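Visitor: Remember, my numbering sits 13 above the position in the sequence shown when you count from 1.
Since the hints were made in silico from the structure, they are not lab data. The structure presented is a predicted model; accordingly, all values stated were derived computationally and were not measured. For each residue, glycine too, the CB sits at the ideal point set by N, CA and C. Careful: at least some of the hints might be erroneous.
Label-pair distances were calculated between CB atoms; the ranges are [stated by the list, open to error]:
hint	residue 1	residue 2	range
1	P432	Q334	42 to 52 Å
2	D311	E161	24 to 34 Å
3	P432	V535	28 to 38 Å
4	G314	E337	43 to 53 Å
5	I248	P413	50 to 60 Å
6	R333	E201	52 to 62 Å
7	G314	R482	54 to 64 Å
8	L206	E112	21 to 31 Å
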Amino acid sequence: MLVLEKKYDSERTIYRDSLYQALLARIARLWTGRTIQLLECTFVYCVYHDYDYHSSRSYMSSNDKPNQSRYRALFENSRDALLLFDRDGYFDCNTRAVELFGLTSKEEALTYAPWDLAPKTQPDGANSKEVAQTHIETAFQQGGAFFEYTHQTVGGTTFPAEVKLTRFEDDGRPVLHSLVRDITERKERERELTESEAKYRNLFESTQDALMLLDRQGFFDCNEQTLDLFRIESIDTFAEYTPWDLAPPTQPDGRDSEEAAKEHIETAFETGTALFEWVHRRPDGTEFPAEVKLSLFDHRGEPRLHALVRNISDRKAYERQIREQRDNLEILNQVLRHDIRNDIQLIMAYAELAADQSGSDSIREHLDIVLENAEHAVEITMTARQMAKVMLSDTENIAPTPLGPSLSSAVEEVQNTYPDAVVTPTAAAPETPVQANDMLEAVFRNLLKNAIQHNDKEVPEVDISARERTDSVLVQIADNGPGIPDTEKETIFGKGETGLDSSGTGLGLYLVKTLVESYGGVIEIDDNEPAGAVFSVTVPKADQ
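Construct the complete structure from the given sequences, taking the supplied hints into account.
Guide: Right under this line is the structure:
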């Protein structure tokens, strides 16, 4: 326990009560957690009755000198400027005051009045002397005054200050204790903050999107675009709503709007951001779809969320139109394929019947050509169906797919279709699943058919190999045909064009390239030895 004592000599001492209280408060802060007991009174500062304020001559009994030194040290070592004055001017100050005002000594400080250490006018244009005298008179009359004031060093440099005046009695004579704190750095921070907020507010208001600020309880600010979007008259009215108030009871996926909104908000507070689609409902009952982005930021020392809400009604309408067009095209495609296949199958049936009944070899040759082209037309409709499936689907159905069964099924079908060709798998396909879908078989089937259909040898030969790599599987299909000139290797898949009217390509190779690239794979063409071409298909392994 720290015990402080205060003693009076009524004939010879003056007790500086206010200064004592200020210093006692500082001691209390230094002795945080300990008990401070005031016994009778504690001597802080003694002077003769005939004290010469300009000579700083003081009296202290030998028993009180340690206390005087301690309290004086607190006075001198304060980080703030401390000054004592009456209506005539200063009569004491600490070292910090000398430094703050650019003075050479305490003696020099005592030659000034408070308004002498200030510019002629304050920032608001008021006369500095009149302002100072008003605050001083307030302190004398009411016991204290607290205000901001622009001071000036003797060198002419001005600085903003926070001033606290406290009245105390000096042998029955009222005097003031002044604490002057330089707040230049604080003012600079406030200025930067004001400029930053002004800049942010300008961006906040000038953006074309609806922007709003919120916490876990609801909104507390927004821009004009928000008011226009939600058809609300004022920011104050908007701030009465929560995000789930401006939404239907449930979202399109069936989730409760309040629960979903709180979940998104909590995600943004925890991770820093949240991006999602949302259906809003205005106070007038109309609804609109929106894309919402929540971002965490610091607002005056507290975590808050910045919400950007973009009306996507036009985008949703366009997406709906595209879906309807796609569905209509799919129906048209199905009808056309069905009708074309039926007609071609009828042509093939009559052509086969005519060939069987014809006794002319030349007529049978012509009918064989008809049958061959009819079969090709049927094949085109099948490929068109596969192309439509690929072009109208998305990447969501890509999943781990066994490569072996797809390759084996394609080989078996081609062997049955072209019994005169020699199709030879050189090794079993790896069992490792790849990143693909049920159209993987079409990739291999079209490559095998291409190798046979464009082969100029009497007996087409096709070799198939498959081997596993670190993160992919490589399948190679090599034929003994005429090969592919270097000038056509880049265009054979229709690169740079649709691929539908490229010489000798048809839909098959275009379909192959489209599928392989949708899997994240690569297809390449090289020359085979001694003749022919090698198609190399690299498909990434599925994520395990």
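Visitor: If a hint holds in the structure, say so; if it does not, say that too.
Guide: Now for the hints, and whether the structure bears them out:
1. P432 x Q334: 42 to 52 Å: The hint (42 to 52 Å, Cβ to Cβ) holds, given that P432 and Q334 are roughly 49 Å apart.
2. D311 x E161: 24 to 34 Å: holds, 26 Å
3. P432 x V535: 28 to 38 Å: holds, 32 Å
4. G314 x E337: 43 to 53 Å: Since the Cβ atoms of G314 and E337 sit about 52 Å apart, the hinted range of 43 to 53 Å holds.
5. I248 x P413: 50 to 60 Å: With a Cβ separation near 53 Å, I248 and P413 satisfy 50 to 60 Å, so the hint holds.
6. R333 x E201: 52 to 62 Å: holds, 55 Å
7. G314 x R482: 54 to 64 Å: holds, 55 Å
8. L206 x E112: 21 to 31 Å: holds, 28 Å
Checked against the numbered hints given earlier, this structure breaks none of them.
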